[in-house]
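*Asks:* Here is what each chain is made of, one letter per residue.
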Amino acid sequence: MTEWIAALLLMAGSLLMMLAALGAVRMPDLLMRMHATTKAGALGSGLIMLAAAVFFGSAEVWARVLAIIAFIMLTAPVAAHMIGRAGYFVGVPLWGRILRDDLKGRYDTDNHSLESPAEFNERRQHEDRRDQ
Amino acid sequence: MSTLLATAVGVLYATAIYLILRRSIVKLVIGLVLLSNAANLLIFTSSGLTRYAPPLIPEGSDTVLNGIVADPLAQALILTAIVIGFGVLAFAVVLIHRAYEVVKADDMDQMKDTDT
Amino acid sequence: MNMPKQPDSLILRVTGHFLLPLLIMFSLFLLLRGHNEPGGGFIGGLVASAAIALHLFFTDVQSARRLIWLDPRDLLGWGLSIAIASGVIAMFSGLPFLSALWTELTVPMFGMLKIGTPLMFDIGVYLVVIGTVLNILLSLAEAEEA
Amino acid sequence: MLYALLGGFGVAALAPWLHQLFGRHSGWALALWPATLFIYFASMLSGVNDGPVLVSHDWIPSLGIQLSFMVDGLSLLFALLISGIGVFIVAYAGRYLEQHQDVGRFYAILLAFMASMLGLVLSDNLISLFVFWELTSITSYLLIGFNHEDAAARRSALQGLFVTVGGGLALMTGLIMLAMVGGSYELSTLLGQGDVIREHAWYAPMLALILLGAFTKSAQFPFHFWLPNAMAAPTPVSAYLHSATMVKAGIYLLARLNPALGGSQLWLTVLGSVGAITLFIGIWLALRSTGIKKVLAYSTVMALGTLTMLIGLGTDIALSAAMAFLLAHSLYKGALFMIAGIIDHGTGSKDLRDTGGLFRAMPVTAVTASVAALSLAGVLPMFGFVAKELLFESVLSSAASWITLLVVAGTAMTVAVAALIGILPWYGKTAVTKRTPHEAPPALLAGPIVLATLGLLFGLFAPLVDERLLGAAVSAVAGNSVTPNLALWHGINVALGLSALTLALGLCLYFCRDQFRHYTRFTDTLAKAGPERGYDASISWLVKISAWQTRFFQSGYLRYYLLIILLTFMALVWTVMLIHWPALSMGIDLRGIQLHEYALVFVLVAAALAAARSESRLGAVASLGAVGFTVALLYVMFSAPDLGITQVLVETLTVILLVLVLFRLPGFLRLTSTALRLRDAMVASAVGITMTCLLLFAADARLYDSISHWHVAQSMPGGYGRNIVNVILVDFRALDTLGEIFVLALAATGVLAMIRLRAEDKSK
Amino acid sequence: MNSAVALQTTLPILIPLISGALSLVLWRSRQLQRGISVLGTGALMIASVWLLLSVYADGIQVMYAGNWPAPFGIVLVADLLSSIMVMLTGITGLATAVYSLATISKKHEHYGYYPLMHLLLAGVNGAFLTGDIFNLYVWFEVMLVASFALLILGGERAQMEGAIKYVTLNLVSSAIFLSAIGLLYGLTGTLNMADLAVKLADHQDNPMVQVIAMLFLMAFGIKAGAFPLFFWLPASYHTPRVAVSSLFAGLLTKVGVYALFRVFTLIFPLGDSLTRDLLLGMAGATMLVGVLGAAAQFEFRRILSFHIISQIGYMLMGLALYTPLAIIGGVFYIIHHIIVKSNLFLISGLIYRLQGSYDLKQLGGVWRSHPMIGVLFLIPALSLAGLPPLSGFFGKFIVIKAGVEAQQWWLVGVALLVGLLTLYSMTKIWAEVFWKELPEGAAAPAQQRGGTSLMVITIVALSTMTVLIGVAAEPVYKLAEHTASQLLDSQAYIQSVLGVN
Amino acid sequence: MGGFAWNILLALIWVAVSGNISGAGLFTGFVLGYIILGLTLREVPVFSAYVRRVPKIFMFACYFAKELVRSNLRVAWDVVTPTHYMKPAVIAVPLDARTEGEIALVANLISLTPGTLSLDVSTDRRCLYLHVMYLDDLEETRAQIKQFEARVLELLR
Amino acid sequence: MLEIVIWLSFAILSLSLLLSFVRLLRGPSLPDRVVALELMASLTVGFIGVHAIASQRFAFLDVAMVLALTAFLAAVGFARFLEKRGMHADD
Ligand code: NA
Ligand code: NA
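Protein chains in written order, with my numbering: chain A, 1 to 132; chain B, 1001 to 1116; chain C, 2001 to 2146; chain D, 3001 to 3764; chain E, 4001 to 4501; chain F, 5001 to 5157; chain G, 6001 to 6091.
Treat the hints with care, as some may be off.
What the hints assert, rightly or not - List time: in silico DSSO-like cross-link candidates among lysine-lysine, alpha-carbon distance up to 27 Å:
| id | chain 1 | residue 1 | chain 2 | residue 2 |
| --- | --- | --- | --- | --- |
| 1 | E | Lys4361 | B | Lys1112 |
| 2 | D | Lys3544 | D | Lys3350 |
| 3 | B | Lys1112 | E | Lys4428 |
| 4 | D | Lys3528 | D | Lys3294 |
Simulated from the structure, these hints should not be mistaken for lab results.
In isolation and in its complexed conformation, chain A is listed as follows (with noise of 0.2 Å):
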């Protein structure tokens, strides 16, 4: 029975893996691209090692890839958070049909300062203001 569970979570986690790498192989632009690889990833490499923990079924191994488990969702999203981050705010190059951006215009390169959209819209009518 464990050696069931095991290996269809192998396979489910290596499936998984295997979505990663061809999510970042075919997405058109590098978000996209990230959103395969950090969530598919990360499951696919928790679902190995649950697949692990079944395997040898003991408790040790359980606190271990529960540990691993863990560590993997607290990194996982800091890591793609600061690459998609970075990768946007040094402007490299979103996909063409991308329907609409929110943060174009919002960042302040100099104070690295972000505005929320009320803060935007309401230096927009401050400089139109200013304009007039």
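Fit chains B, C, D, E, F and G with the ligands to the given chain A structure using the hints.
*Replies:* Frame of chain A, contents of chains B, C, D, E, F and G with the ligands only:
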């Protein structure tokens, strides 16, 4: 398997050498990293490869390991070599950083006045 | 001081603050169990250094320095001294340099523990590794900020 | 004996202080030391016919090197000359260099030179002889370059040193061979081994090496050029070096080794011809010169040639002639050099053409000069005559006819030279000189007067000199008892006839000297193209070659250094592998490799290649990261979890470090041409292939199993740890780990210094 | 194991390690570091003398680190060669430490000069004493990284340029060394040198063994500065502080030479092998190329640097001839050379202090102004050129005698010629620096600092040693003789390390 | 967190008492401690909140896993099929989360769900910028995200 | 059965590794390469998991644990400095 790894080691050496023959000091440093990896893998390969038998004695079996075990001595050597390589590399990286600041060029050809 | 500070990232900072003690604890765990499971002074030291590198990424050099209340140079000196001392201890009993001395300690809750100079040695290694990586990273980062 | 020698060095070391102590009388005060030595050696005269006195002290007995000394006729003759003339030279120098600021230093070097010279002639041990030999070279270097602000003096000093030390090195080899052949370093032993030595296969090369040493030191053709240049030295030095010492060292050596090496046809031919040629060239050049010291110096070359030739002839009479000539020459040449100094001192002239009629101003000097010149010319009843007679006799009896001819011509020219020195400056029209000429003080005159007088007295009492001094010397040179039978009057014979003939010819030559000079101008060009040119050319070639080879090897291009090293590496490895090719076999084994292992290796290889080919720095760093992960995986796959962890961590930190640094650096540029890249790629591939081959061969050549089974077995019971790798690291091989953390600490310290020092410099 | 034996074999490594660690702990206090530097090197010297004396009296001493038996643990082995080298390290270390007190600037002291110096000494001594081939690699690295750091202390352009070449070429050497160790371990499964000697004794004809010997030849040849592998040396040795140059000049290349002596007497005994022929050729070429390199130079320390190379040639010649006398000569030469070469560098620093330059064209008149310095220069300079009765003469004499005995005529010829050319360089320095008048517009000396007398004392001490080694050559010869017989009799070494079995 | 600390303490005491120093022992101790806490200290607010939160966390984990799988499948479909069906956009979503910890947790969890990726938080912390892969309808997407945020905040408060 | 699954997993992971390496090579921007590197780290975790099962030695999981906790630092480092310095022409 050692045949396959031997090939890989050869390629690592080759790329490392190719890089340290460049004029760019940055490539030089990257070459040094590869060189260190190459030497470590060479020891690893040369001392014999063993699958599925880490030199760890399982808990509870407070006795001698039975059967084949991967060579722990070679592993200890490589570990030492890795760490030494890391220290040296850290130094080299900062060195090229400083050299670039002083010489203002990433070009070994601008660094040949001291010799003669 | 007119140079732009590095961009702040709330996500990195908060998660980092959470990860930092985790990493340090994990590094100690790797250090202490290294004699029996994968780990040891180096590995532990490298993980601890990674933790402080992380701290460096979400704060600045000053606060990373504050984090380890010792100057990294002290870590080097003390780490080396501890490692040497662990080897010298045996010499007072007429044994050669680096001979291991073991003692069995009965700790409530943990039962019998074998404590020896190799562990002390590994602690020295741990400190030196941290000291090394920090010295290099922090001074480089300082140069970067300057 | 030892104290007599070492004392000399002691006095030399103290000389600067003694000079300060005695002030302007230091010359006489310091002359007491050679005087003491002279008396000491003179006291040995009585026993000299009883056979050599041997004294030995251990120095390096294991190498056969002893501080051993031998006093026999030959060494005693030299010791007396060195210390005796030394007395007057030191006194002379005290006055001559009175105004010189470095005179204390001068005494020191001069006395050290004297001590070395004495050591040379008294040594019984070949190596201690050589030690003193080299010491004379060094001290004379310092003496010749005494006026060191003068570039010419520096150049001459170097030339002298270079030629003599160069010869000295050959000599050392020759002496080593001699000792090996003769079975001892002691001359006293070797001199009896002549037959063994001459029969040995090494005889010719050994002789060549030793002669090279002797000839360079004694300024034989073609090494004669350094000696006249050495006139750059202050006059007391020239007087000393040329009369009794330095240049006679080579002669001494030839005379000394005659019993061991002499007597062969080779010896006869080489010494005879080289000596005769030197004789002729020396006197020819002397006659062509006008500088007083230069004339004297070339006449010294002539004398040295004569001595060499005579030793080469090797007959009893020739050896007697040699010793007599040596003594005569020392006396008159010492006197004449000092007189040259007096002329310089008194008139400011160094050139014969600027002098004339000095007799009126300095009559004592003039008479002394004339007496000394008579001896040089070999006029009856001077000791020079005695020597010349013997010279003629020996040439007539044993030398080839062309040598006889050269000797006769040379002797005639010597007469002319003697006239140049003994007549030209003193008599006739008074020349206008820089300074008003005045008679020299006693300290300057003492030497010339005594030496010139001795030249006369020895001539008058020639048999006495023979009996007391020269007989023993000649016997020592010959290796058996010889009675030279020195006498002023040998009756009317061919030699006397030749004497008269040369005298007449010489005087003619003197009076026709301007014509002679005019018609022989062409030889100047020859002389200019001579060996000195060779010396200069070889020095400039040396500089050129070294500059070229330095540019070639030490080009400054790191990649050429690497290329040379790598090519050497491959040459060495492949030489051995190809020699043993049939015995080598590759342990190729591709069984059991799993698919993912292929994939890992493939990615590893591809990532490494990508790092090498990358057009972007950080792209290369990312590829490096990929290399790191695959290597870590390989470690894991092959049962090395600790390595895997370490590799992962180190890789991560390396990437962080590289990123931190590389952002400061500019992007990659394509700096080299495609051809060069191709070349480098080929070299790199060759190295890679070499390493792969090594691994494959090694895989098939395993000789023993690893000792690590012990570590596996001892890990728990001995090291109380289940992670064997860690137990090895912190216990079994803790010393490695200790060294390694020091490497880390050192790297950190170095990095800190680099960055912080820069920061401090910037803030300044 | 006798604990005194263990102690005296350990101390030469332990003392500088402790001094280095303490200096790092006390990095805030310059004064304490200065104190430790003299005390530490002084103690090191005493310990090294103790070691040499007891090795001379009692034979080879072995320390089993961690009390683990050979060949499984690491051993420190003090035979005569090791202990001689250790003692020379002690002498050079103490001299450098004293000299440094006067010459090293405050900021360099603050940024780790002293720990670097101590640990360099530790690395050097570790390399000399270890009986384990991988441990040798570790000490090599300690020494190298210390030297890297010392080399760049100052941060000048020339130092950076020199350091990059120095670091790269030495890392290539380390990589070759490490590869050689890897292959050797794969072949024999052991790292202990005595054990290697035993295991390889019957396999010297094995092609892989010979190939590995070549790898060691390469690796150590680079470290030793042999032809054609020496490039890193002239590129860098003239760039650091002069005390550092002196330490490098005296010790670093000699570690390579030592390793060659050790490996090619113990593990791959030379015999009549291809390796020997190669080494002979290498020796000759090294002498010649080095000395010619020097002839082209006009900078004090560059001349000296190139001469290191040529002198290494003599030592290699001693090894390559591989007769007892030749080895004696090699050992004698090493002893002589370390002291002389360190001293010459120190003198160049003294003159730099007086006249503010290393460029011969900018220097002059020292013989008139400071005759004693002239004498102090002449002693090591003439010794280097091999003039008697100084130490260098006997070194050269023995090696050449060995060459004559072995009838290696061309090598003897080269050795002689090189002696002459060395003299050429030394007299060039003499003529330019001491005899020539100080040229117009020469560089001005830097601000006067105290401590010149410390510099002079150091130089006087080393010059005295040079004279003594020459004048009292017999005991030194005896020592070298014992050393050579130990080297050529590897059984004694093996016996001492591995015991009766 | 007082409740959690107590629970850990109980687990440790269990380990000490039982003498079973292992992961399993600790786990048992933890579970037992939780049950004891839930039974005995229901009335103390700190503990009752802790006790109630644990099942919520469990429920959330299930929800999160479901989301993970669901959206992974959508991405998978897109990756595997040749045509790109993506409708990417960078959108701003106003935040209800206030403390830094809340914001970070929300942002990270959003990142972990496929189809959304937290790019950054505005400096005034009122708004989260997201990259979404499938912007079928802006308001609906925002609502989904707000709902997700609400579930996370419910856990924390 | 498990053996086959292990073999399959290895095969799939290998293929994934190759694919992610392709992205690493192709870039085109530096963040793309970093993403690929991150993915390779995840794949390494996966590999280790499968290997642990295949070898029946869970000690290998420790490698994955360290990797999971620290590998993201490289990416953060890259990102940090990209933001600070902007992109270079050659990245
Ligand atoms: Na280690
Ligand atoms: Na130990």
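*Asks:* Work down the list of hints and note, for each, if the structure agrees.
*Replies:* Status of each hint after checking the structure:
1. E:Lys4361 / B:Lys1112: holds, 22 Å
2. D:Lys3544 / D:Lys3350: violated, 36 Å
3. B:Lys1112 / E:Lys4428: holds, 25 Å
4. D:Lys3528 / D:Lys3294: Roughly 15 Å separates the two Cα atoms, so the pair holds.
Violation of the numbered hints given earlier is confined to hint 2; every other hint is satisfied by the structure.
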